[in-house]
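Visitor: Please work from the sequences and hints to get the whole structure.
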Amino acid sequence: MFKKSFTMVALILLLCIGFTASSEGAAYPSRPLEIVAPANPGGGWDAMARTINRVLEIEKLYPQPISVINKPGGGGAVGLAYIFMKKGDDHELVVFSPPLIINTLNKTFTQNYKELTPLAKLITDYQVFIVKADSPYKTFNDLLAAVKKNPNAVKFAGGSSPGSMDHLAFCKVAKMAGINPKDLSYVAFSGGGEALTTLLGGNVAFVSSGTGEVLTHIQAGTVRALAITSGVRGGGPLKDVPTLKELGINTTYEVWRGVFGAPGMSKEAQAWWANTIKKMVGTKTWKESLEKLQWVPAYEDANGFAKFLKEEEKSYLDLMTDLGFAK
Amino acid sequence: MDFLGHFWSNVALGFGVAGTPFNLLLCFVGVFLGTLIGVLPGIGPMTGVALLIPLTFSLQPASAIILMAGIYYGAMYGGSTTSILVNTPGESASVVTCLDGYQMAKKGRAGPALAAAAIGSFVAGTFATLMLMLFGPWVAGIALKFGPPEFFSLMLAGLTVVTSLAGRSLVKALFSTLFGLAIATMGIDNQSGVPRFTFGNPELMDGLEFLTVAIGLFALCEVFVNLANMKDAVQERLSIKGGLWLTKEDWKRFIPSCIRGTLSGFFVGGIAGAGAAVASFVSYGLEKKVSKYRDELGHGAIEGVTGPESANNAAAGGSLIHLLCLGIPGSGTTAIMLGALLMIGLQPGPLLFTQQPEFVWGLIASMYIGNVMLLVLNLPLVGMWVKLLDVPLYLLMLFIIMFSFLGVYTMNNSVQDLFIMVLFGVIGYLMKRVDIPAAPIILGIVLGKLMEEKMRQSLVISDGSLMIFITRPISLFLLFLAFVAITNPYWKQIGRGVRRLFGGAPAA
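The listed protein sequences derive, respectively, from chains A and B.
The numbering of the first sequence is the working numbering, which starts it at 1 and goes up by one.
The numbering of the second sequence is the working numbering, which starts it at 1 and goes up by one.
Since the hints were made in silico from the structure, they are not lab data.
Take these hints with a grain of salt, some might be off.
Unchecked claim - Lysine to any residue pairs mimicking SDA-like chemistry, simulated, CA-CA at most 20 Å apart:
{"no.": "1", "chain 1": "A", "residue 1": "60", "chain 2": "B", "residue 2": "55"}
{"no.": "2", "chain 1": "A", "residue 1": "292", "chain 2": "B", "residue 2": "465"}
{"no.": "3", "chain 1": "A", "residue 1": "327", "chain 2": "B", "residue 2": "201"}
{"no.": "4", "chain 1": "A", "residue 1": "292", "chain 2": "B", "residue 2": "61"}
{"no.": "5", "chain 1": "A", "residue 1": "292", "chain 2": "B", "residue 2": "452"}
{"no.": "6", "chain 1": "A", "residue 1": "107", "chain 2": "A", "residue 2": "300"}
{"no.": "7", "chain 1": "A", "residue 1": "327", "chain 2": "B", "residue 2": "200"}
{"no.": "8", "chain 1": "A", "residue 1": "292", "chain 2": "B", "residue 2": "356"}
{"no.": "9", "chain 1": "A", "residue 1": "155", "chain 2": "B", "residue 2": "61"}
{"no.": "10", "chain 1": "A", "residue 1": "155", "chain 2": "B", "residue 2": "356"}
{"no.": "11", "chain 1": "A", "residue 1": "132", "chain 2": "B", "residue 2": "187"}
{"no.": "12", "chain 1": "A", "residue 1": "182", "chain 2": "B", "residue 2": "462"}
{"no.": "13", "chain 1": "B", "residue 1": "145", "chain 2": "B", "residue 2": "156"}
{"no.": "14", "chain 1": "A", "residue 1": "155", "chain 2": "B", "residue 2": "472"}
{"no.": "15", "chain 1": "A", "residue 1": "175", "chain 2": "A", "residue 2": "32"}
{"no.": "16", "chain 1": "A", "residue 1": "132", "chain 2": "B", "residue 2": "194"}
{"no.": "17", "chain 1": "A", "residue 1": "107", "chain 2": "B", "residue 2": "187"}
{"no.": "18", "chain 1": "A", "residue 1": "149", "chain 2": "B", "residue 2": "461"}
{"no.": "19", "chain 1": "A", "residue 1": "132", "chain 2": "B", "residue 2": "351"}
{"no.": "20", "chain 1": "A", "residue 1": "155", "chain 2": "B", "residue 2": "230"}
{"no.": "21", "chain 1": "A", "residue 1": "182", "chain 2": "B", "residue 2": "461"}
{"no.": "22", "chain 1": "B", "residue 1": "107", "chain 2": "B", "residue 2": "395"}
{"no.": "23", "chain 1": "A", "residue 1": "287", "chain 2": "B", "residue 2": "201"}
{"no.": "24", "chain 1": "A", "residue 1": "107", "chain 2": "B", "residue 2": "193"}
{"no.": "25", "chain 1": "A", "residue 1": "155", "chain 2": "B", "residue 2": "200"}
{"no.": "26", "chain 1": "A", "residue 1": "182", "chain 2": "B", "residue 2": "356"}
{"no.": "27", "chain 1": "A", "residue 1": "149", "chain 2": "B", "residue 2": "472"}
To be verified - Where chain B lies over chain A, by a calculated footprint (3+ residues, C-beta under 8 Å):
{"no.": "28", "region": "68-79"}
{"no.": "29", "region": "161-167"}
{"no.": "30", "region": "207-217"}
{"no.": "31", "region": "274-286"}
Since the structure is predicted, the reported quantities are computational estimates derived from the model, not experimental observations.
Every residue gets a Cβ at the ideal spot worked out from N, C-alpha and C, and that includes glycine.
Guide: Structure follows, in structure tokens:
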């Protein structure tokens, strides 16, 4: 029994060696692909990496095996350090979102993310600002007026530390509305769920959250969403939530997710991925996955993505300098 | 009457859903995988559930949750196995089980220890399911009353457990606790976003993984201790003495500790939402305070296995209440389950019970079935597991080393974690040589981070006033409990002193 399985393993190993040896030097892609998720299984980055993996596999877009590797830690710092060690390796991808820029500006990340090779922006999510159903704040303008009057008395909570997305999203809005974001009183929780419990328990006035985590509560009517940070209104339970623009605040806040190659990816590989990702986002499997995950498609090719990142960095730099988070 | 009729028709509906051959199979696969995941250190229930998510895409919502929930509570059963046999906790909620479980194994009583863990888990799991069924939404309402101040007071009360983890010297135990609390401050501070004690090392930014430290302090330390006694240890075996099953005396001690563990675990983990690891610690402390056999704890008392193992299962079941009734995940694993349910197009939360009865009641029924399956699955396994102990001690030590390295590496795919584990193995060994207990370090790490976070959140809410901890009734009550727990050993002395002061006859 044991002997048999041992021979099997040995055979498989031999096959693998033979396979890699024979494919050396062939046209790109010549080796298995590794997609780095800079977080634990279960989070948004992991879901993104695994979705890419699945669609490439099902649609047979990548001719070699694909695997996702989780490198959790430091809000993406460990994953970033890992992909930097793979400099020049054309068979390494990594997924990231705004913390890539935020953590670079506040110097949590020691590497410069600009060395990564942007391949495409893929999807986006937005923030909503929610209050408890029985809150005295009926509209976003009620809320803003109260904050304006006494910023310290209207506490808000989010699922991440100060200076990260939940906090910054409202700071950006407050600043546009003429409130000094430094005066705001933010309670940081380690996860959106905890922040929501605190809201429902009546301990804070409102919560800044990604849309996905609170959809069910908006639908059930336990919380009320006062505003969404997208440019146009969302669908489903979000269709009655006004955008900031409708409320006269000319700004948006995007929680985008995109995919990058390792630093120093070859021109050949970049061209191959530009083509492949374009094909990927057009497939039915991709569209179905997005629908299931309630992600908004936001495809931009490598050039568009690079330009977008530049704008994002400028906007974050302004905001974070005001708040003293940029170092 | 109408309510009752409605209730029974719901129960029937649930068993109808859970009883289909396919769902029974999924339930079995879930609890079986869960047991395995619990046994293997490193792969926790969180990773297990996350990796199965793609599979659940093609399933009916009820089938998907039956599978995932099976993994979740199955892991709570399996986690105790390696704690008892090789002093290596399989997941974080089973760390406390090492203390008495491994001592029992050393005395040749691994069989009763494993059986007690399985039966205790069964009782607690069934109890939590019953509570979910009868009082789910009501329990969820109480859970919302636990804001940051209540949480802080609960953690503080939990910290009084340290007196029960002390060996001979309370000072040494306090030293050890402080060391644990200090370790808990490592990593990015959630309240300010500033990294502390990370030395620019990205892998330290989330602090030290609690299971890595625990495996170093318990499992590797055990290896080092045996290495030091190499000459006598080589051919020694932890062979089984006596039966594999609980004796009459065991049963008498099992029942009260199981009830206490279940209730305290359900309160701490299920209602307050403090997680299964904290629940198991609190249960251990409770045993030390109220059990008739408290002096035997730490030396292989069955209460030290039954209590925590019941508690962690009651907590796991309880956190499903948070998920289903509030749509708020109470633990890392339930957070992933929430994500998966959303993907399937189902929205857990207040509307779930009315909109998706076949889903909710199917899950509840499957949890009864799953718990029975786990009991049937785990009891015969006891006989198999204890055979593992029938090897010479040096071989067993090799097992421990293999399990530890494999487990810690798979957690984060990090080599640095291995070094940290070995470092804590050495620290644990040195501490053992000077008789400082290691368990308080773990307690400090488990409670420290949460305590600090909750205290600072409370203070932001109260604009810096400490009054927030005593003006809120639940918080005040928990602080009072903590006070009683700390002062209670001195009451007799104080009473005697007072009597002497007033000239009364000194007590004998």
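Visitor: Where does the structure disagree with the numbered hints, that is, which hint numbers, in rising order?
Guide: Of the numbered hints, 2, 5, 6, 9, 10, 11, 15, 16, 20, 23, 25, 26, 27, 31 do not hold.
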